[in-house]
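Whole structure, please, built from the sequences with the hints as guidance.
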Amino acid sequence: MSKVSEIEQLLEKYYNGETSLEEEMQLHAFFEGEAVPDHLKSYKVQFNVTGAFKYETSKLDEDSLFAKIEQDKVVKFQPWYKNPWVGRAAAAVLIILVSFYAGGKYGQDSEVEQMREELAQMKSIMFEQLENGSASGRLQAVNNSMEMQNPDAETIDVLIETMLFDKSMHVRTAAVEALVKFSEHNGVNTALNNALETEREPAVQIAIINALVAMKNKNNIDALEQLAERDSVLKEVRGEAFMGVFKLKEL
Amino acid sequence: MELQEFKTKVYPLKDRLYRQALFMLKSVEEAEDTLQDVMLKLWHKREQLLGYTSVEAYAVTMTRNACLDKLKSKKHKHGFDIQEMELDSGVLTAQEKMEQMQGASVMMQAFDRLPEQQRKLILLREVEGFSYEEISERTGLEVNNIRVALSRARKAARATYLKLVNYEQSI
Chain H
1 MSKVSEIEQL LEKYYNGETS LEEEMQLHAF FEGEAVPDHL KSYKVQFNVT
51 GAFKYETSKL DEDSLFAKIE QDKVVKFQPW YKNPWVGRAA AAVLIILVSF
101 YAGGKYGQDS EVEQMREELA QMKSIMFEQL ENGSASGRLQ AVNNSMEMQN
151 PDAETIDVLI ETMLFDKSMH VRTAAVEALV KFSEHNGVNT ALNNALETER
201 EPAVQIAIIN ALVAMKNKNN IDALEQLAER DSVLKEVRGE AFMGVFKLKE
251 L
Chain Z
1 MELQEFKTKV YPLKDRLYRQ ALFMLKSVEE AEDTLQDVML KLWHKREQLL
51 GYTSVEAYAV TMTRNACLDK LKSKKHKHGF DIQEMELDSG VLTAQEKMEQ
101 MQGASVMMQA FDRLPEQQRK LILLREVEGF SYEEISERTG LEVNNIRVAL
151 SRARKAARAT YLKLVNYEQS I
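Residue numbers (full-length UniProt numbering), protein chains in the order written: chain H, 1 to 251; chain Z, 1 to 171.
You may find that some hints are simply not true.
As the list claims (entries may be wrong) - When the alpha-carbon atoms are kept at most 30 Å apart in a straight line, the in silico DSSO-like pairs for lysine-lysine are as follows:
no., chain 1, residue 1, chain 2, residue 2
1, H, Lys3, Z, Lys163
2, Z, Lys155, H, Lys54
3, H, Lys54, Z, Lys7
To be verified - Pairwise CB distance ranges, derived in the manner of DEER restraints:
no., chain 1, residue 1, chain 2, residue 2, range
4, H, Phe127, Z, Tyr11, 39 to 47 Å
5, H, Ser5, Z, Asn145, 26 to 34 Å
6, H, Asp61, Z, Glu142, 39 to 47 Å
7, Z, Glu116, H, Asp61, 27 to 35 Å
8, Z, Tyr11, H, Ala203, 16 to 24 Å
9, H, Gly239, Z, Tyr11, 16 to 24 Å
10, Z, Met101, H, His39, 19 to 27 Å
11, H, Lys54, Z, Thr53, 41 to 49 Å
12, H, Lys54, Z, Glu29, 14 to 22 Å
What the hints assert, rightly or not - Chain Z stretches covered by chain H per the calculated footprint, using a threshold of three residues with CB under 8 Å from any CB of chain H:
no., stretch
13, 7 to 15
14, 29 to 38
15, 96 to 109
These are calculated hints, taken from the structure and not from any lab test.
Being a predicted model, the structure only gives us computed values, none of them experimental.
Backbone N, C-alpha and C fix where the C-beta goes; we use that ideal spot for every residue, glycine too.
Spelled out as structure tokens, the structure:
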């Protein structure tokens with residue numbers, strides 16, 4: 001019975017706030033066991049309840065734990081008709097149509113001139129949006145640039161600048177994707193290499209790696225190899241770079 | 001702060017915050033939901049987080065507030081929804097299990113009636129198993145005052161529990 005009297009002493013210390021952590025563990029273990037004499041039974045539940053909480057862990061894995069952040073991060077698009085860009089683009093198209101009509105009526109010469117002017121106007125709207133718009137506005141502008149058949153050097157420069165310096169990783173990723181489409185333009189390959197050097201966001205890094213591989217330019221192997229070796233880069237990204245090197249060498 | 005860095009900072013806190021929420025809400029479902037909400041709120045406040053010396057302290061306060069909101073909301077079920085919890089290592093009959101669940105539920109009510117600071121100390125000491133020094137760091141209380149408050153909390157919880165049990169038995 002020495003065990004029981006020891007427990008009784010520990011209980012007294014416990015209720016006086018004098019027990020050590022080890023002694024409290026002893027009490028928990030005792031009351032979890034089956035040999036609790038009747039006169040101590042009423043103490044059991046106090047230890048059992050807090051003891052049960054001790055071993056509770058959250059069943060949420062990393063994905064579910066951060067699920068609400070991921071939902072929140074998806075860029076919220078406005079309905080298309082509320083986007084000011086759509087209205088402006090529609091106006092520009094209308095002007096072009098009217099100018100076609102007018103051009104047909106009043107002579108062929110001014111037609112090409114007019115079209116060029118209106119396209120320039122559309123471009124400036126896009127640039128303005130990139131400069132002053134919200135993240136979703138900028139994203140929309142970049143996506144719109146992808147529709148262009150043959151963008152001029154100025155448009156490419158703006159896209160490169162967006163890829164390198166935009167605040168939002170989503171916009172930067174979109175710019176990478178847009179630039180791959182225009183990879184035959186001078187400077188795109190070099191710009192992607194520069195971006196690979198400066199970019200710190202893993203998701204964008206992976207987009208750049210995929211872009212460099214998609215362009216099938218063997219000159220990019222060096223840059224990818226360097227990235228794959230860099231310790232500061234996330235393991236997954238380095239794996240992706242390594243795969244990229246492999247794919248390019250296979251060409 | 002980018003998401004990856006944020007995740008590595010807060011992920012290690014998840015079980016502690018979960019136990020805190022569970023202790024307050026007594027429902028696995030609500031505790032998990034609260035945990036997700038807290039993560040989102042922390043993410044929104046990530047810039048401020050950089051200024052805090054202890055992300056943990058910030059997260060704990062946020063979890064507490066989120067739980068209080070939940071408790072106030074009409075959707076909260078004022079029940080005891082932690083059936084799956086292992087309360088006893090012994091083999092029990094269904095009858096004994098029932099009694100034990102009831103006992104645990106009454107004990108939780110007794111903890112709930114403690115003043116907030118005492119309840120917090122119970123959580124830090126009995127559930128998280130922190131030393132007096134660690135509790136002192138987290139609450140700013142002197143070790144001696146912690147001992148006194150814990151003693152009061154333990155005695156008061158027991159007294160309330162016995163009172164509630166006797167009351168139930170008398171009806």
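Verification of the supplied hints:
no., hint, in the structure
1, Lys3/H to Lys163/Z, "holds (29 Å)"
2, Lys155/Z to Lys54/H, "holds (20 Å)"
3, Lys54/H to Lys7/Z, "holds (24 Å)"
4, Phe127/H to Tyr11/Z: 39 to 47 Å, "holds (41 Å)"
5, Ser5/H to Asn145/Z: 26 to 34 Å, "holds (31 Å)"
6, Asp61/H to Glu142/Z: 39 to 47 Å, "holds (40 Å)"
7, Glu116/Z to Asp61/H: 27 to 35 Å, "holds (32 Å)"
8, Tyr11/Z to Ala203/H: 16 to 24 Å, "holds (18 Å)"
9, Gly239/H to Tyr11/Z: 16 to 24 Å, "holds (21 Å)"
10, Met101/Z to His39/H: 19 to 27 Å, "holds (23 Å)"
11, Lys54/H to Thr53/Z: 41 to 49 Å, "violated (27 Å)"
12, Lys54/H to Glu29/Z: 14 to 22 Å, "holds (21 Å)"
13, 7 to 15, "holds (count 4)"
14, 29 to 38, "holds (count 5)"
15, 96 to 109, "holds (count 6)"
Violated hints amount to a single one, hint 11; each of the other numbered hints is respected by the structure.
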